[in-house]
Amino acid sequence: MSAVAANYQKLQDLGVEVISVSVDSQFVHKIWDEHELSKMIGGEVPFPMVADQNGALGRAYGCWEENQGVELRGRFIIDPDGVIQAMEMLTPPVGRKLGETIRQIQAYQHVRATQGKEACPAGWEPGKTTLKPGPDLVGNVWKVWNPSME
Amino acid sequence: MANQDSASCDRPTGSVESGPPPATTEPTAKEEVSVMAARVGQKAPGFTAPAYHKGGFTNVSLSDYAGKWVMLCFYPGDFTFV
Numbered sequence: 001m002s003a004v005a006a007n008y009q010k011l012q013d014l015g016v017e018v019i020s021v022s023v024d025s026q027f028v029h030k031i032w033d034e035h036e037l038s039k040m041i042g043g044e045v046p047f048p049m050v051a052d053q054n055g056a057l058g059r060a061y062g063c064w065e066e067n068q069g070v071e072l073r074g075r076f077i078i079d080p081d082g083v084i085q086a087m088e089m090l091t092p093p094v095g096r097k098l099g100e101t102i103r104q105i106q107a108y109q110h111v112r113a114t115q116g117k118e119a120c121p122a123g124w125e126p127g128k129t130t131l132k133p134g135p136d137l138v139g140n141v142w143k144v145w146n147p148s149m150e
Numbered sequence: 001m002a003n004q005d006s007a008s009c010d011r012p013t014g015s016v017e018s019g020p021p022p023a024t025t026e027p028t029a030k031e032e033v034s035v036m037a038a039r040v041g042q043k044a045p046g047f048t049a050p051a052y053h054k055g056g057f058t059n060v061s062l063s064d065y066a067g068k069w070v071m072l073c074f075y076p077g078d079f080t081f082v
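Residue numbers (the working numbering), protein chains in the order written: chain A, 1 to 150; chain B, 1 to 82.
With the rest of the complex left out, here is chain B (with noise of 0.2 Å):
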């Protein structure tokens, strides 16, 4: 599911899979829309990103899980208080 990662000092971040191209058709309204906002009934963005897991470093790619329930909780920081 994960693919191990030695630890090491540079700093890989997270990314996030590009979305569908831009439609060739005029938008009707003025706001620009962000193909990768996430909704509920549409397609959940997909990513792969360095992990902590079971005292190993990790990728994690979100369509690893393909064909699971996933729940996927961000939460504001380590050592906060709730």
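Just chain A, with the same shape it has in the complex (with noise of 0.2 Å):
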């Protein structure tokens, strides 16, 4: 989390809110923030850490490990609407990748502004070709787009 504590400039800048949840109490998100976070980031961490004790929460999003009790590193992008348009599940010993939930994001972003008509194709980021769905398209992809543009 304090990665995302970090470059959490880079998330508002492109409207992004966020919220972190694990199964420790709100009392303990404290001491971890003043205590190890904040030396990290130089600075406390700037979005709301929910606790999650009983996990509810985990169970409602299938990020809830039974057998240890904690949480499993789930990451959602919900859009402005509330629908959920991504998700990436990790267990415990690995840990995310914010440039690519960022990169996500911003393709999530460009789909909604051209309200659909245009689609992010592989390895999409801002300034790259995008596909324009429709009968023309069909068949036709390998003319406008090939791998070696992911």
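Rather than coming from a laboratory, the hints here were simulated on the basis of the structure.
In this text the structure is predicted, and so the values were computed from the model without any measurement.
Hints may contain errors.
[Unchecked claim] Mimicking DSS-like on lysine-lysine, the simulated pairs with C-alpha atoms at most 27 Å apart in a straight line are: (1) A:K117 x B:K43; (2) A:K97 x B:K43; (3) A:K143 x A:K117; (4) A:K97 x B:K54; (5) A:K128 x B:K54; (6) A:K10 x B:K68; (7) A:K132 x A:K117; (8) A:K39 x A:K97; (9) A:K10 x A:K39; (10) A:K143 x A:K10; (11) B:K68 x A:K97; (12) B:K43 x A:K10; (13) A:K128 x A:K143; (14) A:K10 x B:K54; (15) B:K68 x B:K54; (16) B:K43 x B:K68; (17) B:K68 x A:K132.
Two independent chains are provided; combine them into the complex using the hints.
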């Protein structure tokens, strides 16, 4: 979570709010922020750290790890309509890559801005070629996109 | 966005908003379908839960974020190593 906190401004610039969730109480979150996270990121954690002590949120989002009583590393991109557009689930020992989350957010924001008229092919980043689905594109994607453009 | 909440000795926990009423038609699959399971392309399960935010204790509701992009991150626990 420190990587997210340290890059919070990048997310805010994209209009993204962050909420973190673990099974720790809000009191433990406070001490973790004060004693460790704030020293990693040079200031307090800027987003709310939610306490899910009974795992209710984790169960609802499919992140609850029953045997250990912890949450898996579930990450959800929720759009302004409250719809989950993307999710990622990792077991505890491997951390996330924030850059990939930001790329996905930018892609979903682009699709939304075009009201679904454009789609983002593999590896799309802002400035790269999008696809415009329609009858003319069927069978002709190869003319406008290929894997070397990923 | 969040209600200020004073620290107290009770242990309020997060709660998830109840899902839609069960369908009246018989499910076609034998497996029990969880109405609350989060899925891409579907509405995110609503919740209200206690939180720590910038020095204070608050309650966070997902509904407070309507109209905004949200990155919701679960992680195993505070003071872990990754």
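Going through the hints against the structure:
1. Between K117 of chain A and K43 of chain B the alpha-carbon distance is near 22 Å, which keeps this suggested pair within the 27 Å criterion.
2. Of the pairs offered as hints, the one joining K97 of chain A and K43 of chain B holds, with about 25 Å between alpha carbons and a cut-off of 27 Å not exceeded.
3. A distance of roughly 18 Å separates the Cα atoms of K143 of chain A and K117 of chain A; the hinted pair therefore holds under the 27 Å criterion.
4. Proximity of K97 of chain A to K54 of chain B is assessed by CA-CA distance (about 24 Å); at most 27 Å being required, the pair is judged to hold.
5. Straight-line distance between C-alpha atoms of K128 of chain A and K54 of chain B comes to about 38 Å, which puts the hinted pair past the 27 Å bound.
6. With a CA separation close to 15 Å, the supplied pair K10 of chain A and K68 of chain B stays within the 27 Å bound.
7. The straight-line distance between the Cα atoms of K132 of chain A and K117 of chain A is roughly 6 Å, inside the 27 Å bound, and the hint therefore holds.
8. Restraint check for K39 of chain A and K97 of chain A: the C-alpha separation of about 21 Å stays at or below 27 Å, so the hint holds.
9. Annotation: proposed proximity of K10 of chain A to K39 of chain A holds, straight-line Cα distance about 20 Å (limit 27 Å).
10. For the given pair, K143 of chain A sits about 34 Å from K10 of chain A by alpha-carbon distance, which is inconsistent with the 27 Å threshold.
11. In summary, the hint linking K68 of chain B to K97 of chain A is supported, as the alpha carbons are separated by about 22 Å, within the 27 Å threshold.
12. With a C-alpha separation of about 25 Å, the suggested pair K43 of chain B and K10 of chain A falls inside the 27 Å cut-off, and the hint holds.
13. Restraint check: the Cα-Cα separation between K128 of chain A and K143 of chain A comes to about 15 Å, which is no more than 27 Å; the hinted pair holds.
14. With a CA separation close to 19 Å, the supplied pair K10 of chain A and K54 of chain B stays within the 27 Å bound.
15. Of the pairs offered as hints, the one joining K68 of chain B and K54 of chain B holds, with about 20 Å between alpha carbons and a cut-off of 27 Å not exceeded.
16. Distance hint between K43 of chain B and K68 of chain B is fulfilled; the C-alpha atoms sit about 14 Å from each other, no more than 27 Å.
17. Our distance criterion of 27 Å between C-alpha atoms is met by K68 of chain B and K132 of chain A, whose separation comes to about 26 Å.
Checked against the numbered hints given earlier, this structure breaks hints 5, 10; the rest are met.
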